[in-house]
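*Asks:* Sequence:
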Amino acid sequence: ADDGGFESGAYNNSAIRTPNLDALARRSVVFQNAFTSVSSCSPSRASILTGLPQHQNGMYGLHQDVHHFNSFDNVRSLPRLLSQAHVRTGIIGKKHVGPEAVYPFDFAYTEENSSVLQVGRNITRIKALVRQFLQSQDERPFFLYVAFHDPHRCGHSQPQYGAFCEKFGNGESGMGWIPDWKPQLYHPEQVQVPHFVPDTPAARADLAAQYTTIGRMDQGIGLVLEELQRAGFHNSTLVIYTSDNGIPFPSGRTNLYRSGTAEPLLLSSPEHPERWGQVSQAFATLLGKSP
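Oh and the sequence shown: position 111 is 142 in the working numbering, straight run, nothing missing.
Hint data in this document are derived by calculation from the structure and do not stem from the laboratory.
A few of these clues could be false.
Said to hold, decoys possible - Derived SDA-like pairs (lysine to any residue); straight-line CA-CA distance at most 25 Å: (1) Lys-213 - Ala-54; (2) Lys-320 - Ile-271; (3) Lys-213 - Thr-155; (4) Lys-158 - Gln-168; (5) Lys-158 - Ser-204; (6) Lys-320 - Phe-264; (7) Lys-320 - Ala-132; (8) Lys-213 - Glu-203; (9) Lys-320 - Phe-100; (10) Lys-158 - Leu-148; (11) Lys-213 - Phe-37; (12) Lys-320 - Gln-260; (13) Lys-320 - Phe-173; (14) Lys-158 - Phe-138; (15) Lys-158 - Gln-215; (16) Lys-320 - Glu-143; (17) Lys-158 - Glu-257; (18) Lys-320 - Tyr-42; (19) Lys-158 - Arg-48; (20) Lys-158 - Phe-173; (21) Lys-213 - Gln-223; (22) Lys-158 - Leu-109; (23) Lys-158 - Asp-53; (24) Lys-158 - Glu-142; (25) Lys-158 - Gly-263; (26) Lys-320 - Leu-298; (27) Lys-320 - Leu-269; (28) Lys-158 - Gly-202; (29) Lys-213 - Arg-57; (30) Lys-213 - Thr-273.
Predicted model, so just to flag it, every value in this text is computed and none were measured.
All chains should be modelled from the sequences, with the hints used to inform the complete structure.
*Replies:* Structure below.
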């Protein structure tokens, strides 16, 4: 997830409907104390893909546009290490790290060669790309990184789609249509306001929009898992769900408070069904995703 927090049934939010995340949680170990090493997009993603904190991998700030931060050229990233181990790698969605030589993927549809709205929020397009990747799979093991752009805010770049791009693809005039998405709308009075967010009408309206985009991502997760099953890999694939940083609200993203650094983390292993549904209080770091 992109700026995803704990707004799901898997983390006891009863105001939002996330049936696919909830089903995944029932087949996972659910971590209550997982943390990113840095509460900002590119640095966090670089840390996840290198196993190194930002001061060691070089990604001190955002990668895009005038910021232009990059990891050090000698960093041995996860896709590099996996390639050396003869593992096929793929990424679909938001990449937001560089340089390309440090983060090479065998199969890549990201903002670098596509519209981030299409590969990060259009769940029908994401489904098709996942199917393409799995259908072209050879005898090697694979690593597929599906990086949803939901539920990131989008009002600064595409304000016509709403504060969280909650209107993108909803079928209304000028919004486009995502065939696999059944939008779920929420009223501001329905949401659960996190304890660290001021309970104001503006915050509630934003949370209602955020819930709609979380619902789109949730349905996308369901489609990805269906493709995994269709291709026959569901009983041999470790599935991990997490986020890069806290939600884009006061005291959330870019803050060092727990509300900015704590992340959802679901680990679903088909080899350990006895662990499914367990809740772990162990402290975990997203640095542990890479060797």
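*Asks:* State for each hint whether it applies.
*Replies:* Results for each hint:
Between Lys-213 and Ala-54 the alpha-carbon distance is near 18 Å, which keeps this suggested pair within the 25 Å criterion. Among the hinted pairs, Lys-320 with Ile-271 is consistent with the structure: their alpha-carbon atoms are about 9 Å apart, no more than 25 Å. Our distance criterion of 25 Å between C-alpha atoms is met by Lys-213 and Thr-155, whose separation comes to about 11 Å. The hinted pair formed by Lys-158 and Gln-168 meets the criterion: a straight-line CA distance of about 16 Å does not exceed 25 Å.
The hinted pair formed by Lys-158 and Ser-204 meets the criterion: a straight-line CA distance of about 24 Å does not exceed 25 Å. At most 25 Å may separate the alpha-carbon atoms for a hinted pair to count; Lys-320 and Phe-264 meet this at roughly 20 Å. Only pairs whose Cα atoms come within 25 Å are accepted, and Lys-320 paired with Ala-132 is accepted, the gap being roughly 20 Å. A hinted pair counts as satisfied when its Cα atoms are at most 25 Å apart, and Lys-213 with Glu-203 qualifies at roughly 13 Å.
Our distance criterion of 25 Å between C-alpha atoms is met by Lys-320 and Phe-100, whose separation comes to about 22 Å. Restraint check: the Cα-Cα separation between Lys-158 and Leu-148 comes to about 14 Å, which is no more than 25 Å; the hinted pair holds. A threshold of 25 Å between alpha carbons decides the hint, and for Lys-213 with Phe-37 the separation of about 21 Å falls inside it, so the pair holds. Restraint check for Lys-320 and Gln-260: the C-alpha separation of about 23 Å stays at or below 25 Å, so the hint holds.
About 15 Å separates the Cα atoms of Lys-320 and Phe-173, which keeps this hinted pair within 25 Å; it holds. Restraint check for Lys-158 and Phe-138: satisfied, since their Cα atoms lie roughly 15 Å apart, inside the 25 Å limit. A hinted pair counts as satisfied when its Cα atoms are at most 25 Å apart, and Lys-158 with Gln-215 qualifies at roughly 19 Å. As the CA atoms of Lys-320 and Glu-143 are separated by approximately 24 Å, the hinted pair is consistent with the 25 Å bound.
Between Lys-158 and Glu-257, the direct Cα distance comes to roughly 9 Å. Compliance with the 25 Å bound is thereby established for this hinted pair. Of the pairs offered as hints, the one joining Lys-320 and Tyr-42 holds, with about 21 Å between alpha carbons and a cut-off of 25 Å not exceeded. A distance of roughly 21 Å separates the Cα atoms of Lys-158 and Arg-48; the hinted pair therefore holds under the 25 Å criterion. In summary, the hint linking Lys-158 to Phe-173 is supported, as the alpha carbons are separated by about 17 Å, within the 25 Å threshold.
This hinted pair checks out: Lys-213 and Gln-223 have alpha carbons roughly 22 Å apart, not beyond 25 Å. A C-alpha spacing of about 24 Å is found between Lys-158 and Leu-109, which places the hinted pair at or below 25 Å, so the restraint holds. Between the alpha carbons of Lys-158 and Asp-53 the distance comes to roughly 20 Å, so the proposed pair stays at or under 25 Å and holds. For the hint pairing Lys-158 with Glu-142, the CA-to-CA distance comes to about 17 Å; that is within 25 Å, so the pair holds.
Proximity of Lys-158 to Gly-263 is assessed by CA-CA distance (about 15 Å); at most 25 Å being required, the pair is judged to hold. Distance hint between Lys-320 and Leu-298 is fulfilled; the C-alpha atoms sit about 11 Å from each other, no more than 25 Å. Only pairs whose Cα atoms come within 25 Å are accepted, and Lys-320 paired with Leu-269 is accepted, the gap being roughly 12 Å. Taking the CA atoms of Lys-158 and Gly-202, the gap is about 19 Å. The hint holds against a cut of 25 Å.
Only pairs whose Cα atoms come within 25 Å are accepted, and Lys-213 paired with Arg-57 is accepted, the gap being roughly 23 Å. The suggested pairing of Lys-213 with Thr-273 holds, with an alpha-carbon distance near 23 Å, which does not exceed 25 Å.
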